[in-house]
Amino acid sequence: MSFKKFKEFTSTVVPLATENIDTDQIIPARFLKAVERKGFGEKLFHDWRYDEKGNKIASFELNDQRYSGKILLAGKNFGCGSSREHAAWALYDYGFRAIISSYFADIFTNNAFNNGLLPIQVSEDELAVLMKQVADEPDSMIEVNLAHQKIIITEKKIKYSFEINAYKKECLIKGYDDFSYLQSMLTDIEKYEQSRNTAF
Amino acid sequence: MENNTLFDKIWDSHVVKKVAGGPNVLYIDRHYIHEVTSPVAFGNLEGRGLKVLRPEKTIATMDHNIPTENQHLPIQDLLSRNQVETLEENCKAHGIKLFDLNHDNLGIVHVIGPELGLTQPGMTVVCGDSHTSTHGALGSVAFGIGTSEVEMVFGTQCIMQSKPKKMRISINGNLNKAVTSKDIILYIISKISSSGGTGYFIEFAGNTIRNLSMEARMSLCNMSIECGARGGLIAPDQLTFEYLKGKDYSPSGEDWKKKIMEWTLLKSDPGASFDMEYSYEAADIFPMITYGTNPGMGMDITGRIPHNNADESFKKALDYMGFEAGEKLIGKPVDFVFVGSCTNGRIEDFRMFANLVKGRKKADNITAWIVPGSKSVEKEIRKEGIVEILENSGFALRQPGCSACLAMNDDKVPAGNYAVSTSNRNFEGRQGPGARTLLASPLVAAAAAVTGVITNPVELLE
Ligand code: SF4
Numbered sequence: 001m002s003f004k005k006f007k008e009f010t011s012t013v014v015p016l017a018t019e020n021i022d023t024d025q026i027i028p029a030r031f032l033k034a035v036e037r038k039g040f041g042e043k044l045f046h047d048w049r050y051d052e053k054g055n056k057i058a059s060f061e062l063n064d065q066r067y068s069g070k071i072l073l074a075g076k077n078f079g080c081g082s083s084r085e086h087a088a089w090a091l092y093d094y095g096f097r098a099i100i101s102s103y104f105a106d107i108f109t110n111n112a113f114n115n116g117l118l119p120i121q122v123s124e125d126e127l128a129v130l131m132k133q134v135a136d137e138p139d140s141m142i143e144v145n146l147a148h149q150k151i152i153i154t155e156k157k158i159k160y161s162f163e164i165n166a167y168k169k170e171c172l173i174k175g176y177d178d179f180s181y182l183q184s185m186l187t188d189i190e191k192y193e194q195s196r197n198t199a200f
Numbered sequence: 001m002e003n004n005t006l007f008d009k010i011w012d013s014h015v016v017k018k019v020a021g022g023p024n025v026l027y028i029d030r031h032y033i034h035e036v037t038s039p040v041a042f043g044n045l046e047g048r049g050l051k052v053l054r055p056e057k058t059i060a061t062m063d064h065n066i067p068t069e070n071q072h073l074p075i076q077d078l079l080s081r082n083q084v085e086t087l088e089e090n091c092k093a094h095g096i097k098l099f100d101l102n103h104d105n106l107g108i109v110h111v112i113g114p115e116l117g118l119t120q121p122g123m124t125v126v127c128g129d130s131h132t133s134t135h136g137a138l139g140s141v142a143f144g145i146g147t148s149e150v151e152m153v154f155g156t157q158c159i160m161q162s163k164p165k166k167m168r169i170s171i172n173g174n175l176n177k178a179v180t181s182k183d184i185i186l187y188i189i190s191k192i193s194s195s196g197g198t199g200y201f202i203e204f205a206g207n208t209i210r211n212l213s214m215e216a217r218m219s220l221c222n223m224s225i226e227c228g229a230r231g232g233l234i235a236p237d238q239l240t241f242e243y244l245k246g247k248d249y250s251p252s253g254e255d256w257k258k259k260i261m262e263w264t265l266l267k268s269d270p271g272a273s274f275d276m277e278y279s280y281e282a283a284d285i286f287p288m289i290t291y292g293t294n295p296g297m298g299m300d301i302t303g304r305i306p307h308n309n310a311d312e313s314f315k316k317a318l319d320y321m322g323f324e325a326g327e328k329l330i331g332k333p334v335d336f337v338f339v340g341s342c343t344n345g346r347i348e349d350f351r352m353f354a355n356l357v358k359g360r361k362k363a364d365n366i367t368a369w370i371v372p373g374s375k376s377v378e379k380e381i382r383k384e385g386i387v388e389i390l391e392n393s394g395f396a397l398r399q400p401g402c403s404a405c406l407a408m409n410d411d412k413v414p415a416g417n418y419a420v421s422t423s424n425r426n427f428e429g430r431q432g433p434g435a436r437t438l439l440a441s442p443l444v445a446a447a448a449a450v451t452g453v454i455t456n457p458v459e460l461l462e
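Protein chains in written order, with our numbering: chain D, 1 to 200; chain L, 1 to 462.
I should point out that these hints are in silico values taken from the structure, not numbers from a laboratory. Glycine residues also receive a C-beta, built at the ideal position from the N, C-alpha and C atoms.
Derived list of chain D stretches under chain L, where covered just means 3 residues or more per stretch with a C-beta under 8 Å from a C-beta of chain L:
{"id": "1", "region": "8-19"}
{"id": "2", "region": "26-36"}
{"id": "3", "region": "76-83"}
{"id": "4", "region": "98-108"}
{"id": "5", "region": "164-176"}
{"id": "6", "region": "179-192"}
Over the 10 Å line for every Cβ pair with chain D, so calculated as not near, a few chain L residues:
{"id": "7", "residue": "P55"}
{"id": "8", "residue": "K247"}
{"id": "9", "residue": "R382"}
Next comes chain D alone, as it looks inside the complex (with noise of 0.2 Å):
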């Protein structure tokens, strides 16, 4: 199932300066019952979200009427713990398409690309010009470019550069995914199979 082609953006940002944040809090266990992968945006970060009674909790980010966006700009290490791919469905499916933070945990980096989700990672620095930046601005609008590897804030002139893999990079701008490339090497992982015996 390939999805759709990462084209570049311009989006306003929601900010969520806090670290560690994990797919416990991103996610839920409680609402991974499903055995189809169908509205996971409504249980985003639930917890934080909505309070016993699910009422909205006025003071947290994604209920604040100031921040709106396609962008999530999160505290370092942000995805850490499960493997739960529910963390990322649900944040593509709120609407997100790029995370950017300081520090993105493994599985769930692996999980935002095989989702069309941009895992951007900055320097501890420059996340903390962007945090200033969207508090004191929340309009601020953020430009996604995949193909020169750049986010940029045109008006304060801010142009950070990230780093992402070529293959994983023309993945998203094709729209292809590692399952379609993993089948037209089936003859090889064949050969693999056979070759193997004693493999150390």
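Let chain D serve as the given structure and place chain L with the ligand on it in line with the hints.
Frame of chain D; chain L with the ligand shown alone:
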């Protein structure tokens, strides 16, 4: 002349192809699945009109959603029941071996894999579950994957992964009294932080690690993910071979001899280089407990919560826990004690727990959940008479499953309550919305269970 690490040897021998500028195509020897992270993968695979390519390499169990009481009755929670039934249907349709609720081999996926000899040295092992790192204790490269990757393994027996960097963590010397491998790993994470291992695969080394039992090694490797590492592994040795000998799925006869020769080669070469090295003294490690909302927020149980005023996330964590910087945890009342999970749900964990509670009584304020990691652990608990010790002290044994580790089944800690848990995550809400988790060893859990407050187990062992 060779200077490869153990990790290099296993990883490199499983690379089918290196994609230019990209990840490796990595062949997977053993794939475990459970009810939560597999249904969408099966659905998508079928959507592509495909079948599982190598069904014999995948093994299924049910653990996250299942109740830990009355397992012979239909599951009450309809969504959970549906997920479990979906797994049954999918396994049937694709010819995958499933250990269901009626099967003697049922258990938490990371408990049964090693227990049955399904995980062996030198293998690549994956599961849609981050604690797959547990299996590294057998000398395999084992790590958690997402559901898209589960689908890739189904369809092609491969995934695409960039090779992680290599870290070695050495521990040397004799362990202090009442210190278990759980304390070792909590100590390590408190030193390098919950993100200190991100991007790395860890090899645990040193004579302290060598002297750990196989089960203790599993508890250690289990939590390597909690410092952000993809996984952790330990070179297989005589103890590993003895552990595996005669297990249901271990090789036998001529095959066994051949395998032993191969497995003996699985160690880092003397000149092997690591991208990062840490070294600690066992003498510096004491029984540990966590005070915050990530596993890196841990300390010596007799210590004081550190001050870290500048850090908003740190303050938020203490607020959630209802603790203050500078305070001691010793003597604080707790409400729940949970012994179990893929970290500490093996027979040695229950022996440890029983050894401390023997002749004492469960404190009145404590609700205790004592949950074996598998049916075979449960059987052993009964066989060894541990169940009588537990019952005489006022504890009841439950049936195997993930239980209170993740608040997905019926075992949930109520909001605001404190739980000393032998599991692996103290995240906000991990054990139920608003639940406050203190991670610790089975000995610390036992000490809390009989005194009702946080207690240094050393005092009760004297
Ligand atoms: S016991 Fe806990 S950590 Fe282990 S597999 Fe189950 S839910 Fe995951």
